Structure formats: C-alpha cells, structure tokens
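Number of protein chains: 2
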Amino acid sequence: MAVEVVYRSSRDPERLFMDKAEADRYDKMLELAESLAEVLQKAVPSLSEQQVEELGIYMAKNRDIFARAFKNQPDALAELEQPAE
Amino acid sequence: MAVEVVYRSSRDPERLFMDKAEADRYDKMLELAESLAEVLQKAVPSLSEQQVEELGIYMAKNRDIFARAFKNQPDALAELEQPAE
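For the protein sequence lines, the chains are P and V, in the order given. Here my numbering is used: the first residue of the first sequence is 1, the next is one more, and so on. Here my numbering is used: the first residue of the second sequence is 1, the next is one more, and so on.
Everything labelled a hint here was simulated from the structure, so no lab data went into it. Source: prediction; values computed, not measured. Among the clues, some could well be false.
If several chains are the same, the list does not tell them apart, and a pair holds so long as it fits within one copy or across any two.
Claimed, not checked - Below, in silico cross-link-like pairs of lysine to any residue (SDA-like), each with a Cα-Cα straight-line distance of 25 Å or less:
no., residue 1, residue 2
1, Lys42, Asp75
2, Lys71, Glu31
3, Lys20, Gln50
4, Lys61, Arg25
5, Lys42, Val3
6, Lys20, Val5
7, Lys20, Lys71
8, Lys20, Asn72
9, Lys42, Tyr7
10, Lys42, Glu22
11, Lys20, Arg63
12, Lys71, Ser10
13, Lys61, Gln73
14, Lys20, Lys61
15, Lys20, Tyr7
16, Lys42, Ala67
17, Lys42, Glu81
18, Lys61, Asp24
19, Lys71, Arg11
20, Lys20, Asp75
21, Lys71, Asp19
22, Lys71, Arg8
23, Lys71, Ser9
24, Lys61, Ser9
Next comes chain P alone, as it looks inside the complex (with noise of 0.2 Å):
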C-alpha cells in the first residue's frame, strides 16, 4: 500500500487522473465547454440545458478542428468523426 497523488478538475470531481498534464487538458476543455454551452443558450434561448451542455463539450472536444473552421477552413469539419454513442 502507498499513498499516490492524483488529480482532479474542480469542474468534475468524480473524474481523476495520474497524469497532471491531462487533468490540465481537462480542465481546459470544460472550461471552454461551459463558457460555449451559455453563450448558445443566450444566442438559441429554445435550446435545452442538456442540449447546449452537449453543444459545448463535443466542441470543445474537437476545438482545434473548430478552430481552423472558424478561422478559414470550413472544410476542416469533414474531419470530424461521428460522435461515439
């Protein structure tokens, strides 16, 4: 038996990691997630807390590919996989 460190995200405490840099990674993507989910709940008020909680993570998840769409590259998107069930 040893004690071990591990990290978390305040943002998710359930989800721990071994790896500080991907606890950072982490954290970032749901950071970017929640501030995306009300932006688009103001901009689409129909839109449900479910709904624009999923809208922010899954683009969150594939920022970079949004990123370069926003920036100049619409066809990034192609890149972008069907989201796993």
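Mind docking chain V on chain P? Use the hints.
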C-alpha cells in the same frame, strides 16, 4: 432608368447586394453556417433543423470571436453581444 448590376449568394437568392465584396462575405458566412448546422445536427441529434440553423448562423456571423475562443482565448466569448431579436 438604367440597368444596374446586383449581386447575390446562390444560397439565399432573395438577398441582393450592390457590392460584390459584401455578397462574397455573406456567401462565405452562409457556407460556414450550413457546414456547422450539419455537423452539430449529427453531434446532437435531438436538435431541430431550425435550432441548428440558428446556431450555425449565429456562430458564423461571429466567426472571428469563435475562432479566437477555440484557438486559445475562451474569454473572447465575453465579447459576444446578445443576439438582436
């Protein structure tokens, strides 16, 4: 009376522009909006056609802000204005 040149995007033939560059920008915005609507519909199947269309147009109109947010400045989203009703 005189004949004059007007421009339009084939994606929205109702809207006419006197300025070709403006018509080009509008066409590019609609192109991005359509691609976004398509990928978001697949990612979150519960969204209605109208909801993904609104999301796509909203984000495409604000593409510069979203590009920065996805790249590395989530705070850029704070610059978004409330959508005009």
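Evaluation of the provided hints:
no. : hint          : result
1   : Lys42 - Asp75 : between (27 Å within a copy, 16 Å between copies)
2   : Lys71 - Glu31 : both (21 Å within a copy, 13 Å between copies)
3   : Lys20 - Gln50 : neither (29 Å within a copy, 41 Å between copies)
4   : Lys61 - Arg25 : within (10 Å within a copy, 28 Å between copies)
5   : Lys42 - Val3  : neither (45 Å within a copy, 44 Å between copies)
6   : Lys20 - Val5  : within (9 Å within a copy, 60 Å between copies)
7   : Lys20 - Lys71 : between (30 Å within a copy, 21 Å between copies)
8   : Lys20 - Asn72 : between (33 Å within a copy, 19 Å between copies)
9   : Lys42 - Tyr7  : neither (33 Å within a copy, 33 Å between copies)
10  : Lys42 - Glu22 : neither (31 Å within a copy, 27 Å between copies)
11  : Lys20 - Arg63 : within (20 Å within a copy, 32 Å between copies)
12  : Lys71 - Ser10 : between (31 Å within a copy, 23 Å between copies)
13  : Lys61 - Gln73 : both (18 Å within a copy, 15 Å between copies)
14  : Lys20 - Lys61 : within (18 Å within a copy, 37 Å between copies)
15  : Lys20 - Tyr7  : within (6 Å within a copy, 54 Å between copies)
16  : Lys42 - Ala67 : both (21 Å within a copy, 19 Å between copies)
17  : Lys42 - Glu81 : between (27 Å within a copy, 10 Å between copies)
18  : Lys61 - Asp24 : within (13 Å within a copy, 31 Å between copies)
19  : Lys71 - Arg11 : between (29 Å within a copy, 21 Å between copies)
20  : Lys20 - Asp75 : between (34 Å within a copy, 23 Å between copies)
21  : Lys71 - Asp19 : between (32 Å within a copy, 23 Å between copies)
22  : Lys71 - Arg8  : between (32 Å within a copy, 23 Å between copies)
23  : Lys71 - Ser9  : between (29 Å within a copy, 21 Å between copies)
24  : Lys61 - Ser9  : within (15 Å within a copy, 33 Å between copies)
In terms of the numbered hints stated before, the structure departs from hints 3, 5, 9, 10, listed from lowest to highest.
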